[in-house]
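There are 2 protein chains.
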Amino acid sequence: MTRQSLANHESRITNHVIYPPSLTQLIEALRCLPGVGPKSAQRMAFYLLERDRLGAKRLADSIAQADARVGSCKRCRMFAESELCPICAATKRERGLLCVVESPADVVAVEQSGSYRGCYFVLMGHLSPLDGIGPEQLGLPELDALFQQGEVQEVKATTAAVQKSIDYNTEVTARAASSAAIARDAAQKAHETLVRLVEKNDSE
Amino acid sequence: MTRQSLANHESRITNHVIYPPSLTQLIEALRCLPGVGPKSAQRMAFYLLERDRLGAKRLADSIAQADARVGSCKRCRMFAESELCPICAATKRERGLLCVVESPADVVAVEQSGSYRGCYFVLMGHLSPLDGIGPEQLGLPELDALFQQGEVQEVKATTAAVQKSIDYNTEVTARAASSAAIARDAAQKAHETLVRLVEKNDSE
Numbered sequence: 001m002t003r004q005s006l007a008n009h010e011s012r013i014t015n016h017v018i019y020p021p022s023l024t025q026l027i028e029a030l031r032c033l034p035g036v037g038p039k040s041a042q043r044m045a046f047y048l049l050e051r052d053r054l055g056a057k058r059l060a061d062s063i064a065q066a067d068a069r070v071g072s073c074k075r076c077r078m079f080a081e082s083e084l085c086p087i088c089a090a091t092k093r094e095r096g097l098l099c100v101v102e103s104p105a106d107v108v109a110v111e112q113s114g115s116y117r118g119c120y121f122v123l124m125g126h127l128s129p130l131d132g133i134g135p136e137q138l139g140l141p142e143l144d145a146l147f148q149q150g151e152v153q154e155v156k157a158t159t160a161a162v163q164k165s166i167d168y169n170t171e172v173t174a175r176a177a178s179s180a181a182i183a184r185d186a187a188q189k190a191h192e193t194l195v196r197l198v199e200k201n202d203s204e
Numbered sequence: 001m002t003r004q005s006l007a008n009h010e011s012r013i014t015n016h017v018i019y020p021p022s023l024t025q026l027i028e029a030l031r032c033l034p035g036v037g038p039k040s041a042q043r044m045a046f047y048l049l050e051r052d053r054l055g056a057k058r059l060a061d062s063i064a065q066a067d068a069r070v071g072s073c074k075r076c077r078m079f080a081e082s083e084l085c086p087i088c089a090a091t092k093r094e095r096g097l098l099c100v101v102e103s104p105a106d107v108v109a110v111e112q113s114g115s116y117r118g119c120y121f122v123l124m125g126h127l128s129p130l131d132g133i134g135p136e137q138l139g140l141p142e143l144d145a146l147f148q149q150g151e152v153q154e155v156k157a158t159t160a161a162v163q164k165s166i167d168y169n170t171e172v173t174a175r176a177a178s179s180a181a182i183a184r185d186a187a188q189k190a191h192e193t194l195v196r197l198v199e200k201n202d203s204e
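Just so you know, the protein sequences line up as chains A and B, in that order.
All residue numbers for the first sequence refer to the working numbering, where the first residue is 1 and numbers rise by one.
All residue numbers for the second sequence refer to the working numbering, where the first residue is 1 and numbers rise by one.
With the rest of the complex left out, here is chain A:
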């Protein structure tokens, strides 16, 4: 045990003796949030208990409620409270046009351009094998299945990372020859599409 890790270890022991058990547990639980280390977690716990009990109650309820209600749209994987998200459920959308994006926030960004009338497929991240995020976690098998159904005529990818994910998948699943062709098309159109949308949005 190094001097530093010994100090950390001792600090944990002292914390456990001095802080009440439910405070120690709250600090540990807050560390599940991305970007929150032991010091931030401690600061957050102190703040909630000392300065914002109402906010704490609201946060606990909101997490529980979102956990109970929010699932994924079965077509596009967007967060949704029903089987289909509002966009996939809308009759006016072009179902032959599919925009593949990394995150739900990208859907909001493209929607704000106001010029896209197709549907989406949300990867919910990008390939990151070290974090355990492979093709399955990104829903690439479902994307393949969507291609196989034949409804999708044109694919747009919004970022290089999305394009890479699709390329990787098509290499791995050589059997999906038709989807590979569509995906490679998408790769060519990817940057053009995004640049166009962003330019249009900026100029308005």
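Bear in mind the hints are in silico, worked out from the structure with no lab data behind them.
A portion of the hints provided could be inaccurate.
Note that the list lumps identical chains together, so a pair holds whenever it fits in one copy or between two copies.
To be verified - In silico DSSO-like pairs for lysine-lysine, Cα to Cα no more than 30 Å straight-line: (1) K57 / K39; (2) K39 / K74; (3) K92 / K74; (4) K57 / K92.
Given the coordinates of chain A, assemble chain B onto it according to the supplied hints.
For chain B alone, coordinates are given in the frame of chain A:
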């Protein structure tokens, strides 16, 4: 409305249409955490719902449990699940010696030195009128009351900010003449004490 605030406003409207209501509510609720802006809150909400449902459940339970169980020690204001914290309840502690600290984390830091056998008073912050943190929020009236009881013989302050808070309070409450004298004493001893404790801790 500036171009930027208009864009923010439009973004919120689009979010509300595209995200399910309980996700929007979760993003808003996460913003009560210190240092968490709209983008971090969104990233945290996505992460909890997409990658760590178990962590989300645990977090919701931990917040609710800590909110229900954790109060303040009635003598020193430290977080505690019973009327007195373990330190104030301990019979072996010198009750005539009081160390005034900003945060519960300072109690842990001083305890780790292993050389302090007195009690504490936790301000839970420092004077910050712009954030609505004045003498009452720091428990300075309770600190005065503790001085008036006559049990406290010696006061140590751990930081310049703590010393400033005590000074400010003694200025405002001119009536508490005896506590002012004790507090001014404390101000002189403050840095020496902390430096000694930290040096001792480092050399071990």
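A quick look at each hint next to the structure:
1. K57 / K39: both (22 Å within a copy, 22 Å between copies)
2. K39 / K74: For K39 and K74, the Cα distance is within 30 Å only across copies (26 Å; inside one copy 39 Å).
3. K92 / K74: within (19 Å within a copy, 63 Å between copies)
4. K57 / K92: neither (40 Å within a copy, 37 Å between copies)
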